[in-house]
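Novice: One letter stands for each residue in the lines below.
There are 2 protein chains.
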Amino acid sequence: MLDTESSDQQIASGYKAWLSYRRLADQPGFESMAEQLSTISVFGSGGKEVLLKTAVAELQLGLQALLGKPILIIQEQEQMQGGIVLGQFHQDGSSGESFGTRYFNESSIKNAGSEGFAIVFSKSDNCLAIGAASPAGLLYGVFHLLRLIAAGETRVQDLNVAQAPANGLRMIDHWDNFDGSVERGYAGRSFLYENNRFLTTESDRMRDYARLLASIGINSLCINNVNVHHEETYFITPRCLPEIARIADILKDYGIKLFLSVNFAAPIELKELDTADPLDSRVADWWKRQTAVVYEAVPDFGGFLVKADSENRPGPFTYDRDHADGANMLADALRPFGGIVIWRCFVYNCKQDWRDRKTDRARAAYDHFQPLDGRFADNVALQIKNGPLDFQVREPVSPLFGGLEKTNQVLEFQIAQEYTGQQRHVCYLVPQWKEVLDFNTFAKGEQAPVKSIASGSFWGNKIGGIAAVSNTGRDGNWTGHLLAQANWYGFGRLAWNPELTAEEIAQEWTTLTFGHDEGVNALIIDMLMNSWRIYESYTAPLGIGWMVNPNHHYGPNVDGYEFSQWGTYHYSDHKGLGVDRTTATGTGYSAQYLGENASIYNSLEQCPDELLLFFHHVPYTHVLHSGKTVIQHIYDTHFHGAEEAGGLLAQWRTLKGRIEDGLYLQVESRLQEQAEHAKEWRDQINTYFHRKSGIPDAQGRRIY
Amino acid sequence: MLDTESSDQQIASGYKAWLSYRRLADQPGFESMAEQLSTISVFGSGGKEVLLKTAVAELQLGLQALLGKPILIIQEQEQMQGGIVLGQFHQDGSSGESFGTRYFNESSIKNAGSEGFAIVFSKSDNCLAIGAASPAGLLYGVFHLLRLIAAGETRVQDLNVAQAPANGLRMIDHWDNFDGSVERGYAGRSFLYENNRFLTTESDRMRDYARLLASIGINSLCINNVNVHHEETYFITPRCLPEIARIADILKDYGIKLFLSVNFAAPIELKELDTADPLDSRVADWWKRQTAVVYEAVPDFGGFLVKADSENRPGPFTYDRDHADGANMLADALRPFGGIVIWRCFVYNCKQDWRDRKTDRARAAYDHFQPLDGRFADNVALQIKNGPLDFQVREPVSPLFGGLEKTNQVLEFQIAQEYTGQQRHVCYLVPQWKEVLDFNTFAKGEQAPVKSIASGSFWGNKIGGIAAVSNTGRDGNWTGHLLAQANWYGFGRLAWNPELTAEEIAQEWTTLTFGHDEGVNALIIDMLMNSWRIYESYTAPLGIGWMVNPNHHYGPNVDGYEFSQWGTYHYSDHKGLGVDRTTATGTGYSAQYLGENASIYNSLEQCPDELLLFFHHVPYTHVLHSGKTVIQHIYDTHFHGAEEAGGLLAQWRTLKGRIEDGLYLQVESRLQEQAEHAKEWRDQINTYFHRKSGIPDAQGRRIY
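Those protein sequence lines, which keep their order, are chains V and E.
First residue of the first sequence: 1, per UniProt numbering; consecutive thereafter.
First residue of the second sequence: 1, per UniProt numbering; consecutive thereafter.
Take the hints with a grain of salt, since some may be wrong.
One copy or two, it doesn't matter: identical chains are merged, so the pair holds either way.
Unchecked claim - Below, a list of computed lysine-lysine pairs in the DSS-like style, where the Cα atoms sit at most 25 Å apart:
| hint | residue 1 | residue 2 |
| --- | --- | --- |
| 1 | Lys434 | Lys462 |
| 2 | Lys575 | Lys358 |
| 3 | Lys679 | Lys358 |
| 4 | Lys679 | Lys351 |
| 5 | Lys434 | Lys656 |
| 6 | Lys628 | Lys69 |
These are computed hints drawn from the structure, not numbers from a lab.
Please work from the sequences and hints to get the whole structure.
Specialist: Pasting the structure below:
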């Protein structure tokens, strides 16, 4: 009945990821649960909606695999008792009673909100009811139930859950190019494109991808790189729209809206106008026409993602206009269709002179966008990277969070491990994201964590959410490093519910991916939970960042960006290192923060160790809160970190034979590379600073 | 009569280079010279040989342009008196007397040798006689006469010249790839190939190129990159040989033999054998057959150039054979046809660990090849780079010169300015080459300069000469930087006669290229003569080399190769820098030299300043022979060098209006870039060492 052989292969390659649905073992309660969940029925007459069909199919597929038995789909007319019943709250059954009234109390319905779901066991009907205000909510409810069961929950009769996503926009951004390359892609080439053709209709991969996205609550997908080159400029034209509409159709089955990155200079690039001035009515009209063309092909199109006036991309600056002029012009074109503009704040001077210590790239996003607060249309959202620079292993949180009140904001993470090991090193990023989400901005002088600003709840913004750069590609396991799937999974889960802990997410992902061996899972969770700290320990120290090879950003190179134009310097000399961003003697960046954040970062004494060199230039002999000098901290963390990287490999090797060989071996080879490469990091960083400072290691270890 | 307009355009673009043949101004002696040189006749019956036809045509073309009047070609039968008479020494005229006997004394004939020429004015016949043992010698004699006249010589009646080339092999190596790219090419793409097609029959460019080569005495040309990729492996097969034969035909008209770089693994690459083992008879037979195929298409084919077991190229090491096994196998295949193997000595470990200070790339060529002395066949020549590393702005001379007695050797220079400014900076390399040629190796404990070892005269080798990597490309002026033509010109002239001084060559080139304004020429000569020293002064100091950006090698990057696998380190720390290559405490490289060279380089006191850091690791406070500390030397040379780079631009600007605008402007823009880029060099190098050493500049100048 089930194609178990190919299913097993897909599990062992990692392709099935957290939707592996391994058959559950018999255990106390299993039989009665399996009995309880034998049938699926849909309440009322709503079963024809595509998302509801998807929900039922996914529920059947998942339960059959998990329980190892056929699950029957039963027409509502035939049976109201037993099994699982799905329904939308407002829908009436044959009795005239609505689904919501029949099964759920008011608070559950309220908690489920417009996009969430409620699950409860009805003793009177002896059935498990999944309810939602929308078909999308039902799909999320189905995946939630499957997650619970796959994770070992058997007491379905005790279930009473109601939840809604914290963020309206839960988005993944692909940096895939039409030629098949992926900017900052570490999992093979694009599975969307090759050689300026769409691959998306050639296999089931797009549908499998949509399932994975929906299962973690993603509802928005931007399918092309924010750097829109010539060929991708045609994505908003009839040359490409038919294929894009097919992708949108697949995504629609899973409740996901399609977005496109657009080229701000498209009217010029497509040779239709000689200007892209956003205040020129010909330009505004052009975008209105072009947007209508897009919506004709993709009626539920989400909107435009725009990287403008950034890293040599075109934008409104060319015409002496500002970002608000540019974004609002596009917003006008999208408004009639309900579309939105997501405008990135990654704007800085990328032609900086390394000799110039006054210009500070960290200041740029705030300096550019804070003064525009209130100028953006209500269907524009600013997409703000988590830190002021660029996804380093350690950065402070962007002070633009807290700096904007009257502007829709979207937080941007990078699941792709550009600066965190490129999916050749394991680096579980959820703990880092948690720190960002929980960071108190002190907006209005009180508790104002980033998570409530990004979601829009804090200021009552119309649009809010979290977006992240995809880490997926054509590799068999989607993410190159199998353990990097945890970041993809974790991003979706956090975007849905930022209150989940990193451990909880790791626990979920590990169980869903590897099964129910608690020893195995505990070990993998331990590896994941330590991995960010380990990666940080053997790379650039104390928040200074960079120190990577230029362009590709893999591997150590202390001076790799020191004499460049990118605004990324460590300023190390014989006596010390770090960037002075204080108000008295530095760039004044610390003053972009509110409340005590400003004074803490500005203070050499109070600044947290892990960000010390981001905010202060200190001597190597400066004593950290840890009690160590900066130089000894560098030596110790690098020796220890490389050792721990070797330890990760040793840990993993204890899993041989305890998980599928296919999963075991692919991770082992990556961990081998990491262990070796961590030594290279250790030796280059230690040697560089030992040679430069002349200060010996207190423990007399080998430095070259 | 002459197509002067297009000729003028070609002069102003730089395309005509040193064959511009500007019309000479009237001056004392001009009229009588012009009268004297009105006709050209060929002695005897030799006028049908292609090279003699070329010689006559070139002489006519050159004289017509220089003198601004038609030059008549007269049959020998008609006139023996007056004009210019060309002939081969051994040929008999109608009187039965040979050409040699009639016009030349014995010593002239001897001095002209087999490839040279003699020029003398015969009072009895009232004619200028150009004689040679071979048609090639006549062509060289013609170009010599034209050079003299173009340079202002009018007293043709006093001429009495006889000379032969010092080197049998005078070769230029193209690193052009069949796809049209040029490895280390700085003058546009290849003019030989594009997109795996031959361009050589599509225009006159190949012929124009051959003229330029012959005019400076080049007699051998290798037309493809020593890194032979898949497509170029087919150059020795019927797929490509017809087009290559056409190139060979053009070259033949100018006395130039065509060589090909071959892929040592060709039998495998072409899927004809499963091995390339040089001691496997199937492999030897394959090469014999393939070589016969080549000679069938190109009867005067020169031979094979081979980069084997170097930088990941295949070679005999794969089969546990040595370089002699590999080279001799190819030599056997070439011997029946008179062809030769040129086997490069650029062999070293390119996967070195930067932590390993025992392995020394500088030792590699000697360590690999010296033990094989005497093992190579007599139609094999080893091609040895001038220095032990790779064409740095300053290196000692390769100790392999002096280390080999029973082996044919060819000296390799690089006209392409890979590490010397990439033809964006002016760097006249002839003074560097002169130092190499004049370097006394102390072979046999006496005067044994590199020039006499390379030429083969010192040990009486059968083959000898100089090869150099081409600096030409598709750019209108051939070399990107117009002044880089002086290196191309100078290489040919030095290969012919290593006794010429750098100033003499600069004087020749300047006059031939720009004309007869002595002020203009003196200024350009001054720029050229200072340029190498200036470039050295603002780049890597005191012979340490490297400090360039990886891969493309343009621009400063002090640590660019410090933690790499390429064996190229400066080992700088807080106290000092340099590579200890002494016998007592270092790698022992200094002991590869003979006589006092070994002791001088080994001695901290005696080692010349300019090579100090190549041989010694010293503190920044070490006092040079100049009286300055190392660190102050670094600061001073970099400040001064950048200033001087600006001075070159200022000098050039005084030429505005005094030379053709086309020539003026193209050089001005390069000098502008150089002046700016020299500041970047200055600041990065000074900042790096200032930060690292902590030692202030004695003059308190701005360091960042």
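Novice: All hints, please: hold or fail.
Specialist: Outcome of the hint check:
{"no.": "1", "hint": "Lys434 with Lys462", "verdict": "within (24 Å within a copy, 76 Å between copies)"}
{"no.": "2", "hint": "Lys575 with Lys358", "verdict": "within (21 Å within a copy, 30 Å between copies)"}
{"no.": "3", "hint": "Lys679 with Lys358", "verdict": "between (35 Å within a copy, 20 Å between copies)"}
{"no.": "4", "hint": "Lys679 with Lys351", "verdict": "between (33 Å within a copy, 17 Å between copies)"}
{"no.": "5", "hint": "Lys434 with Lys656", "verdict": "neither (32 Å within a copy, 65 Å between copies)"}
{"no.": "6", "hint": "Lys628 with Lys69", "verdict": "neither (60 Å within a copy, 88 Å between copies)"}
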